[in-house]
Structures are given as structure tokens and as C-alpha cells.
Amino acid sequence: MKRMILGNEALALGAYVAGVTIATGYPGTPSTEILEYFARYPGVYAEWSPNEKVALEVGMGAAMAGARTIVTMKHVGLNVAADPFFAVAYTGVEAGLVVISADDPGMHSSQGEQDNRNYAKFAKVPLLEPSDSQECFEMMRVGLEISERFDMPVLLRTTTRVSHAQSLVEVAAEQVQRGSVERPATTQLRAFRRDPIKYVMLPSNARQRRVALEARLGRLQDYVETTPLNFILWGDRRLGIVASSIAYVYAREVFPTASFLKLGMAYPLPRRLIQEFARQVETLVVVEELDPYLEEQIRGLPDIARERVRGKDIFPIIGEFTPELVAERSLAAGLPAEMVAEHLRERSGSAPITRIPARPPLLCPGCGHRGTFYVLRQLMFEEQEAKEEKKPPEGTGMTSGSPYRRGNLERRRRYGLVITGDIGCYTLGALQPLNAMDTCACMGASIGQAIGLEKGGIKNKVVAVIGDSTFFHSGITGLVDVITSGAATTVIILDNFTTAMTGGNVNPGTGKTVDGRPARRIELESLCRGLGIEDVKVIGGFDTDAIAREIARAVRSDEPSVLIIREPCALEFKSDSAFTAWVEPEKCVACWACLVTACPALVRKDGKVAVLTGRCTDCQVCVRICPHDAILRVERAALSQPS
Amino acid sequence: MKPLNFVLTGVGGQGIVLSSDILCLVGMAVGYDVKKTDVHGMAQRGGSVISHVRLADQVFSPMVPLGGADYLLAFEKLEACRWAHYLHRDGVAVVSDEAIPTLAMESRTPYPADDEIMSQLQQRAGQVQIVSAGSLAAGLGNPRVANVILLGALSRFVAIPAEIWLRAIAERVPPKVRELNRRAFELGRSLEVG
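These protein sequence lines map, in sequence, to chains A and B. Mapped onto our numbering, the consecutive letters of the first sequence carry residue numbers 1 to 643. Mapped onto our numbering, the consecutive letters of the second sequence carry residue numbers 644 to 837.
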């Protein structure tokens, strides 16, 4: 029977049905759901590892022990796991090992849009690229078979539109119900073999494995020419399209009558198949998102005239494709117009409506990060620090009155704190109106960058802000360098007990496993003290006074400091408070100071601020910061009518 | 069978994904090939949400082409405007009258007035149906069924029998709220068109 399945679920189900017993990974959009689905199946081991490198190393060990294994991550995660990825290409495996990289063309939720097909060629690892959920399901089995047959890991690469699209998958009836999936009788396929020449990558052994790697690629060359994952659909031979992944289905929609060479397995490149296809078509067009990965290799093949191959001269190298973009560019490039599907040849649509307010992602109402970013913003945009120092801020550590009258914002001089940021929900603190972040590069970078800024000459001004999961991922080593470098860095760890941005996944500080069993918690304060940080403080996320005081103190101090600002994620741990914030209209002078917190529960109403009490979680940040005491904490029951 | 393209829009938390799941089940029951794609991740933090659902004998792209949507089902009226250009000129817009305010600090572009929204939508759709989904749902005793009321209103414009929609809804909602959802669908379907 057919079932509608998300690409990521199809990968999990395909792995389970093929006898995978071990799955590891680190959450990252658009890959996260693969492991979350897999962890629900009975009789498997799944873990969210501290980072992708550890995940792949656990995966190598599991495959070495003879258990079929998958390792999941987003595209940039493979940068973190690149070291073991290159190594396992040399050592090979015992049981099948499939590494899943979910790429994000268009950067829906990423800091870059690198094309991880390059990693296949770079590390010499076979590459599979599904185009829909059915292919996700099937390619998982094929990938494991290739891995075992050729003694290599396999890279299975999806993109956002494959991972996060649902389509029909033909599954046996017994596979439909979660938890009653039929599996091969033997899932422990092989046993660990002691084989130092294979597994101990000393130069003398690695040189032998280097040769063995090329031999395995040679055998794969024959496989890739004949695998049904690569096939030709003959149609009109004026136009021959080579495509893989989501670009293949876009091209099929745009050119219903053209000839197609679909590449499900594009590394090693099926050279003879491509040459055979190229010989029989007039124009060869490569339709691929991001890099000209296929195009460049195809142009290098003998017997294919370079000028007959088209690709990036027609389609963009940046961003994700859509069928209408493929159609539009093809028409502009002079490909036969009559071969373009009618519904895409002349579009019926109208222009987008302009001048409508944006609706960007926001920190949730009750988010434990809000108070910290409000304070950081204050300290970052503080006027004339020298003047301020004569009368140190009382209580809140902030100036009284409102510096936030309209129009003032742009004129203020930015100096005060320099804030190095990191990756997570709290990166939203970089957006309007908080604007409280100067850098965000990659996982864990905030701490190293803060050390570097200090060594580069910016003293007693730099604060690194990093979330708990990101700190476990790759902040710990940065903190080690804080100590060994003798830096006076102030590190704020925003601890909400979860990996929130990707949907509330467990991390080493959660105290639970991915399948909900209790686990040992790693306590951040003990960890930091154990490394040698003496100044470790824990503060509540809504206590803006204490946050302001402690940041000011820690920054001025010449010793390294860690401030753990701890508040459970508002999405994961819902508030059921009987209280809500409420604005006393007579006292509100419309200074908009509270609106700088970017709280979705605060709105403008009749020239004043009003609280949407249905959204308010009683975090009290707005109550604390209102310079005119116009926001009160009241019992919900006391409000006669909800505003 | 005639290909049908739907775009569903709104704000995170409005039940958009559930509604697009139900639409897929409706399509499957009629015998269509079905694909859909939603936004995940960043967009769930109170951001704008869009879901594409495509029904055809064979669906290739999971994304509805710009200008290719036969139906726009909007759970929030500003979001209807944001994505209205996905509509085919003969397309139908079924729009909830609910307004969810945008971030108060970012007020340089104000939330558009109702007549402005209506005229913009009318320029881009063959037909616009405004549904008081929120107050109708409150009338049924549960604001969460606004999405199913909207599905009911949408179903009037789609040549697929009501029983198929009702079966898909029953399949997708928990047993204890099936009856409520059936009433919500019937209510939406009974609304005067226009």
C-alpha cells in the first residue's frame, strides 16, 4: 500500500527495514527528523551525539563491530565530521555505514549553502542522491549494500526539498504501523575482526589503504555504470537533460517530452553511461542546484565536445531552484520553447503585493534568552561610557528614562560591548530590534572569536554568547583555550536544557536520551569549574538586574568568567502561570522601551502598549524593564476582559 | 484527472500542517499522486508559514509554481496577501478574517486595512471568500477547529465529494474530537459563497 511519508521519515524507515540497528547524529535543519523518527522503532540504539564528529566516530565503531549504522547531520555538520569522514574512506567498514548529509540550498535555516556532493569526490566516498520519499526509502537499502559490498562508507545527500517534502511511498502493509516493521532476521551481520592494517591508520598502513581505496573505486566504476539508480528515459532527442536530486523532478516538470539521464548515484561518475547519452542527444543540459558538480566532470570526459554541454550558463549557482525558475532560464537561454510545459511557458500569476509588514521568526513569548539580549543590547549601545562610569547604573544597571524614542536609535553611537554570537534560537538576538550580536560564524565560534578579539586589542569589552547545546558541541574546546591562553573572556552560556532551534532535541545537559529514557546530566557549572574557570555564576534568565550587574562585573574583571543564564525553553516547558503582564494605560507614555525586547505578546494599541494576555507566559521581563512602572503583574482572573 | 494545486498559509501554530495533511489524504482517496512540502525550522518561531500541496496523475515538483495555485487557503489575512501571487488568475482564495499582529517595534509598514487587503486579493484571485473562522470556531466551543472550518469552506470550490473530506478528517484527528471536527467541516461547507 501507499503511504504519504516525509523524506526524512522515509530515510529512517528505509534504514530500519534494511536492518540498521544503530543511528547517531547531531540535530540540524533539514536533517533532524531522520534520527527522531528512527529512535521510535523498537530494538534500536539511537543517540544525539555531542557533535557530528563524535557521531561519525561512534558510527565507525558500530559498523566495525558489525552493526548496520546510519549517521545523520546537516551539510555544515559534515565539516565538523570531515576528519573521521576522510578516515573511514580509507579504513572501510564491516557492516554497512551510510552518512546522511541534508543540504540547504537557499539557506532556509543555515549559515551557508555549501554543496556537499563535493565531499564525495573529495573524500572518495560513493554518493547517492534521492529525488523523493520513495527513493529515500529504497536508496537507504542500496546504500547499505554498496557499503558492505565495496567496504566503504556511503554518502547519502538530500536537500531541504527532499528531506522536508512528503510523497507517496510503496510500503508493505506490516511496515505501515510504526513499531511493527518487518526486519531481516539477522541484523548483526558480521563480527569485529582484528585487522590493524585496515584500521590503524599509521602512515605505513595508510599507504596500503590508499592503494586499496583506489582499487575499490575501480570496482565501483563498473557498478555505477549498470546500477538501476542511474537510468535513461528516452524522449525527444533534441534535448538531453542530466539531473539528480530535486532538480531532476523540477526538470521533468518543465520538460515533459525531453530525454533524461537521471543520476541517483553520481560518484563515481558513470562515464560510459553519460557518453552514451551524450552521443544520442543534440544538446546536453545539466540541471543541478548549487555547484556545477556534474557539469564540470562531464565537460572533462573524452568524446564529449565541451561546447555541447550547457548548465551554469543557463541556471544560477546561488540559491534553490523552482520549476518556474528552470523554465524561465531555459526559455531565456533559447532552449526549444515548445518543449517547455504549457503551464510554465506563460505564467498566469500576478506580481507580489508590496508594502506589507514582514513577519520574521522571533524569540517566543517567555523565551529565557530575551532578558539577556535586552541587557546586552543596552550595554552594547550605551552612550558615552566615560560619563556613565561616574554614576554607575543603579538597580537595573541601565540608564533611566527612555533612550528608545523613535528616531534616536539610528543616531546612537555603537560602542560599549562587543558580542560574539553563536548558532541557535538565540541568533535571533542579532535581528531587529534587539540587534545585540556582532558575530556569528559557525558552531562554537563565539568563544574562540572572543579570545581573538581580546588578543587583537579589544580589552574588557568582549562577551561570548553561546547556547548549552552549542557549548557541548564545540564550545568546550574554546573554553579550554580561554584558560590556556590566559584570556579574560566573559562567556555567557544560555542554558535552556534543550536544542531548541531544531525542535527541542535532547543534549548532554537535558538528562534524557532521544527515546525519552533518563540519562546522566552533565552539569555545566561543574564542567566549567573542572576546566579551571573560578568565576562561574548561575543566574535566572528573567532576572535582568542580576544579568546586567554580573555582565558588567565579569567584563571589567581580568579573570575569565562564565555566566550560566538558565531558564527552561518556553516551547518545551510550557508556562501555566495564573499571572500575566498588564499595561496600565494611564501610566504608559508610549516610550516603546518594552517593545525593544521583541516580545510577541506586546502590541501597540491606541497609541500605547498592550499585552496579548493569551500569549504572555508571566516571564516579567517587560514588568522589570518598564522605565515608568506602567507594566504590572496581575492575576489573570482579575482581568475582567482579556485584552 | 485535473491537476490541483493548493497553497496554505498562515502563522506558525495555526494548524496549517494538519490541514495540508488532510488535503493530501483527500487527494490520495480520490486516486491522485500527491506531494507536499512545508517549511520547518526557523519559520516555526512565530514566522510566516507556507505549505504546498499538489495533486495530479503524476506529480513531479512538490512546490506549486508561482501563478499556478488553483486555491489559496489562508489562516491569517496578512499571510494571504504575502503569498497571493502564487494564485492563478482564475484561482480561489479562501481567507480567514483573523489578524495576527506583526512585531510591534517594526511598524514602519503598518498592518493593512481590511478594504486594502480585499482589493489586493481581488486583483489576484478569480474569487475571494472571507471566512470568520475564529468566531465560528469559538461558537462551536473550540477555537482550534478554525482550520477545519476553513477546509469546509474550501471544499465548496473543489469537485471532490464531502464524504471523502470527512473520512480524511476522521483519519487525521484524535477520536475524541472527531464529532466536533465533523461539525466544523459541515459548518464551513454550509457558508454562503461570496
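Simulated from the structure, these hints should not be mistaken for lab results. This structure is a prediction, so every number in the text was calculated from the model and none was measured. Just so you know, even glycine gets a beta-carbon here, dropped at the ideal spot from N, CA and C. Hints may contain errors.
In silico contact screen, one side only, chain B against chain A (beta carbon under 7 Å); selected entries [stated by the list, open to error]:
#1 S691
#2 R725
#3 N785
#4 R787
#5 R799
Against which earlier hints does the structure fall short, listed by number upward?
-> Numbers 3, 4, 5 - these are the hints that the structure violates, sorted from lowest upward.
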